[in-house]
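Trainee: These are the residues of each chain, in order.
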Amino acid sequence: MGIYFCVFLFVVNEMTTTQAEVTQVEGHQQHPLSIYIVVWILLFVLSGFSYAVDYFQLEGALRWTLILLFMFLKAGAIIAIFMHMAWERLALIYAILVPPLCLLVFIALMAIEGDYTFLARLITFGPAEEISQPHH
Amino acid sequence: MAEQTGLEGIVIDWSDDKQAFHVPWGKAMMWIFLLSDTFIFSCFLIGYMNVRITTTVPWPNPSEVFALSFGGEPIPLILIAIMTFVLITSSGTMALAVNYGYRRDKKKTVLLMLATAALGAMFVGMQAFEWTKLIVDEGVRPWGNPMGAAQFGSTFFMITGFHGMHVSAGVIYLIVTATRVGTGYYDRHRGGNYEMVEITGLYWHFVDLVWVFIFAFFYLW
Numbered sequence: 001m002g003i004y005f006c007v008f009l010f011v012v013n014e015m016t017t018t019q020a021e022v023t024q025v026e027g028h029q030q031h032p033l034s035i036y037i038v039v040w041i042l043l044f045v046l047s048g049f050s051y052a053v054d055y056f057q058l059e060g061a062l063r064w065t066l067i068l069l070f071m072f073l074k075a076g077a078i079i080a081i082f083m084h085m086a087w088e089r090l091a092l093i094y095a096i097l098v099p100p101l102c103l104l105v106f107i108a109l110m111a112i113e114g115d116y117t118f119l120a121r122l123i124t125f126g127p128a129e130e131i132s133q134p135h136h
Numbered sequence: 137m138a139e140q141t142g143l144e145g146i147v148i149d150w151s152d153d154k155q156a157f158h159v160p161w162g163k164a165m166m167w168i169f170l171l172s173d174t175f176i177f178s179c180f181l182i183g184y185m186n187v188r189i190t191t192t193v194p195w196p197n198p199s200e201v202f203a204l205s206f207g208g209e210p211i212p213l214i215l216i217a218i219m220t221f222v223l224i225t226s227s228g229t230m231a232l233a234v235n236y237g238y239r240r241d242k243k244k245t246v247l248l249m250l251a252t253a254a255l256g257a258m259f260v261g262m263q264a265f266e267w268t269k270l271i272v273d274e275g276v277r278p279w280g281n282p283m284g285a286a287q288f289g290s291t292f293f294m295i296t297g298f299h300g301m302h303v304s305a306g307v308i309y310l311i312v313t314a315t316r317v318g319t320g321y322y323d324r325h326r327g328g329n330y331e332m333v334e335i336t337g338l339y340w341h342f343v344d345l346v347w348v349f350i351f352a353f354f355y356l357w
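Top to bottom, those sequences are chains A and B.
Residues in the first sequence are numbered from 1 upward in steps of one, following the working numbering.
Residues in the second sequence are numbered from 137 upward in steps of one, following the working numbering.
FYI, nobody ran anything at the bench for these hints, they're computed from the structure.
In this text, all values refer to a predicted model and were calculated from it rather than measured experimentally.
Note that the Cβ used here is the ideal one computed from N, Cα and C, for glycine as well.
Warning: the hint list may mix true and false statements.
[Stated by the list, open to error] These stretches of chain B come out as covered by chain A in the derived footprint (C-beta under 8 Å, 3 or more residues): (1) 152-166; (2) 172-178; (3) 189-202; (4) 213-221; (5) 225-234; (6) 340-352.
[As the list claims (entries may be wrong)] With a straight-line Cα cutoff of 20 Å, these simulated SDA-like cross-link-like pairs (lysine to any residue) come out: (7) B:Lys244 with B:Thr225; (8) B:Lys163 with A:Leu103; (9) B:Lys243 with A:Pro32; (10) B:Lys243 with B:Asp323.
Kindly produce the complete structure, drawing on both the sequences and the hints.
Mentor: Here is the structure:
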């Protein structure tokens, strides 16, 4: 993942530095077309990989790792390049990207709570099918 | 000058000739809206995680539920894969539209935005097909389904429904902005500033971004 981001940032740098001096007008986001095409292809390839994980029925830790990896790489490419976050000032980047970090706490809390509820259900109702289906 | 107090004081303090973000205000506001939207979708996905952890009944296998057969063997998750590629394609055309907007290439900007809107409409159409198949053929309801955990239906309809609503709103937003670019509205009223194209683009990329997470957590997990 680290290697990916290094290569990614290098390519971005290569493609933008030539234009950087000309286009550094405040809030102006004009970049060479080629960078969008590269990211576009990258998104296609990563989506293909994600689908392949399911198609080849990978299971267990390998499956979750790959799904999350491809997900974060895609999200990063969309935010950084398509949404121009890579070229914004830190004030805006932090204002937008830091607040969602508290979601990590929320996720952890709900995961712990979920495990607790699951165990409580097993103890109280047993693992059987009796509670399975409300009729529809 | 005396310090203003009360309501007027608030207005003066909040518009106190200070600028935190060196971007057009519309763009800053769109980012803040998207931040709030992030929390909404996160709450949905976290709620889904919670009910999926807590259920003692097996979760239906999305790979099989969303399989589709074209005459032969059913191909797992194929419709969702196609929808994903359609949405990514639309994100690409949108990124190019923003680029041509900055180049003031009116014709290409409008065409690419309309292409994006068309791909978005195609996505919603396929989603309607998916919902119909699930409701009519598979008997999935928000309160239960024949395949397993009852919560599958409620979380599915809520999460994909809310996302589909965002895509539909985005299609309308795109058509409005494209029309305004095409008819020269921004040339007459905004001094030829096409920044609205980029702001519309931010919204559209966000919709694609949310789908990346839904695809990973709901369909692949």
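Trainee: Look at each hint and say if it fits the structure.
Mentor: Cross-check of the supplied hints:
1. With a cut-off of 8 Å between beta carbons, the region 152-166 of chain B has 7 residues touching chain A; three or more are needed, and the interface restraint holds.
2. Counting residues of the region 172-178 of chain B whose CB lies closer than 8 Å to any CB of chain A gives 3, which reaches the minimum of 3, so the coverage claim holds.
3. With 6 residues having a beta carbon nearer than 8 Å to a beta carbon of chain A, the region 189-202 of chain B meets the requirement of three or more and the stated coverage holds.
4. Figure legend: the region 213-221 of chain B, annotated as covered by chain A; annotation consistent (4 residues with Cβ-Cβ distances under 8 Å, at least 3 required).
5. Against chain A, the region 225-234 of chain B contributes 6 residues with a C-beta closer than 8 Å to a partner C-beta. That satisfies the three-residue criterion, and the hint holds.
6. Counting residues of the region 340-352 of chain B whose CB lies closer than 8 Å to any CB of chain A gives 8, which reaches the minimum of 3, so the coverage claim holds.
7. Straight-line distance between C-alpha atoms of Lys244 (chain B) and Thr225 (chain B) comes to about 16 Å, which keeps the hinted pair within the 20 Å bound.
8. About 24 Å separates the Cα atoms of Lys163 (chain B) and Leu103 (chain A), which puts this hinted pair outside 20 Å; it is violated.
9. Taken as a hint, the Lys243 (chain B) and Pro32 (chain A) pair is honoured in the structure, with Cα atoms around 19 Å apart against an allowance of 20 Å.
10. Taken as a hint, the Lys243 (chain B) and Asp323 (chain B) pair is honoured in the structure, with Cα atoms around 14 Å apart against an allowance of 20 Å.
In terms of the numbered hints stated before, the structure departs from hint 8 and from no other.
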